[in-house]
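There are 2 protein chains.
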Amino acid sequence: MYDEEPGMPGALMAAEIAEQPDTLAGLLAARGELEDAARRIAAARPRFVLIAARGTSDHAALYAKYVVEIRRQLPAGLASPSSFTLYGAAPDLTDVLFLAISQSGRSPDLVESMAVARACGAVTVAVTNSPDSPLALAAEISVDIRAGVERAVAATKTYTAQLLALLLLLDGDSAVHDAARLPEAAARTLAGNGTEQIAAAAARFRHVDRIVVSGRGYSYPTAREGALKLMETSYLSAQAFSGADLLHGPLAMIDGSVPVIAMTSPGRSGAAMKPVLDRLTEVGAEVLPVGPARGLPVAAAGLPEHLVPIVEIMPLQLLALQLAVARGLDPDAPRGLSKITQTR
Amino acid sequence: MYDEEPGMPGALMAAEIAEQPDTLAGLLAARGELEDAARRIAAARPRFVLIAARGTSDHAALYAKYVVEIRRQLPAGLASPSSFTLYGAAPDLTDVLFLAISQSGRSPDLVESMAVARACGAVTVAVTNSPDSPLALAAEISVDIRAGVERAVAATKTYTAQLLALLLLLDGDSAVHDAARLPEAAARTLAGNGTEQIAAAAARFRHVDRIVVSGRGYSYPTAREGALKLMETSYLSAQAFSGADLLHGPLAMIDGSVPVIAMTSPGRSGAAMKPVLDRLTEVGAEVLPVGPARGLPVAAAGLPEHLVPIVEIMPLQLLALQLAVARGLDPDAPRGLSKITQTR
Chain A
24 MYDEEPGMPG ALMAAEIAEQ PDTLAGLLAA RGELEDAARR IAAARPRFVL IAARGTSDHA
84 ALYAKYVVEI RRQLPAGLAS PSSFTLYGAA PDLTDVLFLA ISQSGRSPDL VESMAVARAC
144 GAVTVAVTNS PDSPLALAAE ISVDIRAGVE RAVAATKTYT AQLLALLLLL DGDSAVHDAA
204 RLPEAAARTL AGNGTEQIAA AAARFRHVDR IVVSGRGYSY PTAREGALKL METSYLSAQA
264 FSGADLLHGP LAMIDGSVPV IAMTSPGRSG AAMKPVLDRL TEVGAEVLPV GPARGLPVAA
324 AGLPEHLVPI VEIMPLQLLA LQLAVARGLD PDAPRGLSKI TQTR
Chain Y
24 MYDEEPGMPG ALMAAEIAEQ PDTLAGLLAA RGELEDAARR IAAARPRFVL IAARGTSDHA
84 ALYAKYVVEI RRQLPAGLAS PSSFTLYGAA PDLTDVLFLA ISQSGRSPDL VESMAVARAC
144 GAVTVAVTNS PDSPLALAAE ISVDIRAGVE RAVAATKTYT AQLLALLLLL DGDSAVHDAA
204 RLPEAAARTL AGNGTEQIAA AAARFRHVDR IVVSGRGYSY PTAREGALKL METSYLSAQA
264 FSGADLLHGP LAMIDGSVPV IAMTSPGRSG AAMKPVLDRL TEVGAEVLPV GPARGLPVAA
324 AGLPEHLVPI VEIMPLQLLA LQLAVARGLD PDAPRGLSKI TQTR
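Those protein sequences? They're chains A and Y, same order as listed.
For the first sequence, my numbering assigns the number 24 to the initial residue and increments by one for each residue that follows.
For the second sequence, my numbering assigns the number 24 to the initial residue and increments by one for each residue that follows.
Wrong hints could be hidden among the right ones.
For identical chains, the list gives no copy identity; a pair is met inside one copy or between any two copies.
Computed cross-link-like contacts, DMTMM-like style, restricted to lysine to aspartate or glutamate with a CA-CA straight-line distance of at most 25 angstroms [stated by the list, open to error]: (1) 297 - 201; (2) 297 - 219; (3) 297 - 56; (4) 297 - 58; (5) 362 - 301; (6) 362 - 132; (7) 297 - 132; (8) 362 - 118; (9) 297 - 196; (10) 297 - 309; (11) 362 - 201; (12) 297 - 278; (13) 297 - 115; (14) 362 - 219.
Keep in mind the hints are simulated off the structure, nothing from the lab.
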């Protein structure tokens, strides 16, 4: 673990990364609100699910989409807020569950999309870290991810709390039993990625300005979120691709100068990365695996595959933090960003 | 226009870019099949639309999602093929229109997704350039984009033909009248981006290895496709962001060394880029606008906004071509790629 002194660059982000076993345990202990919301959603019997979010929360939305499609066997899509806000779409949303995810609950385009979705007949749910926010108040059902105040601009603990909240909301009772293992798996994952190990990975990438993060299935949202952390804190041009999409074009730009971080935790998503890793080897790419012990390890033993994303992002959070510090940057105060982003 | 001799680097791609006014006119002239398919779709009265694709076709899918949401007022989502192929999802797809888009019609994951969707009760439609392909044969309704053989690895004329086919398929009769203007708008856009002008833009970016392309609403698919062309042909780390998402984090990595191509054609999407352009100016980014005459012009006069994507990609195709040639590469034969990508 990275143990910077308070006030040093990255101290806030380091502290919030380290809090994650506790925030996950806290949300599990207070899961009554989520279970109640899950019952209300089930009673509405939605036939389609639309999920709206921006930034880090959009990666939580992508995770939720896989949970809905695979665990609930319902068709799902990510909403394009601009269809509502720029073009005034007012589709018939009868039988649709409309879920909006936002840490702050204050992005005007999401608040407006939520209002339109509700007026168009959707069952509306807000998942926020701010139960008094405009987004939470605009929804029929509001759930609080209970992550506590997040002070670093780069979201970490709110992301993993969003994933757990969405799992409990959408996967029903079976999720609770397995989710009880998450706080310990999170603690072991953080402990398994010690200061020296992450510093070595950060040193490898210190002078790199382009990087690719790739994963498939449940690990694709992790690849997207990991890339965003590297952009926000270390100013890398970090691109995320599903392993399949990577082979449909972007592979051309990869050579020995563009390292690839590959999500290869056990399970079907990791197995599906095998042909991608083979092609990357052929083109001479340098690959850092996240999952296996020989890369940045993930303590996934005993976790069903759909819970792994909640812990496998943590080595990437630590890497983004230490890489920023190694490059002389302050990951707590990325240039050009503020904690609440207002877009219309 | 770029007028390389046959056999020179980029000659195939240059020829196929130049063919686009004719491929669009040809598809309009033979639109009977599309109108028939549109009638069958309307008769099925779908309530939700799922669209599956990879690579360039995935950007056509994103365009189709906006058309469905805004023009047909139906909720829509992009399918994640891995939910079907890796995780065996078999959701209830009653009342769902499942649309798969592929130039070759041969990607195994799309063919398998199509079969599952059909078995799960969806109305299935394949949009391909290969009416005898496995994907076309697996669908209940198949439409041919009639773009002719595409020989360059980087797709150009099949992309714009896909957009037009999807418009005619999904937007009904009102599309036909406006679409008649497209061949001329395409010809004027190509003529407006002459060799000298594109060569000047290519010279500006010749030594760049990171670039961002941004657009909102209907122009966001264009930003995605433009970035892919730059990756495939010129090996740039080209990242596409919706203008809104750009402000939620990725903005941090942009400074004077990372140029931004901004889609700013007239209409609501271009207007919504204004606050994004203001922020980019504040952080010192170099911006190349696509749309206005002072950047790379788009002959959009008289076209409704939802038709503009069919022509506004063309300056980016020309830029990707000439930039690759300026960098000593052959855009017709990108390293690591072949014309048909097989992913599972």
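Hints that the structure is at odds with (numbers, increasing) = 1, 2, 3, 4, 8, 9, 11, 13, 14
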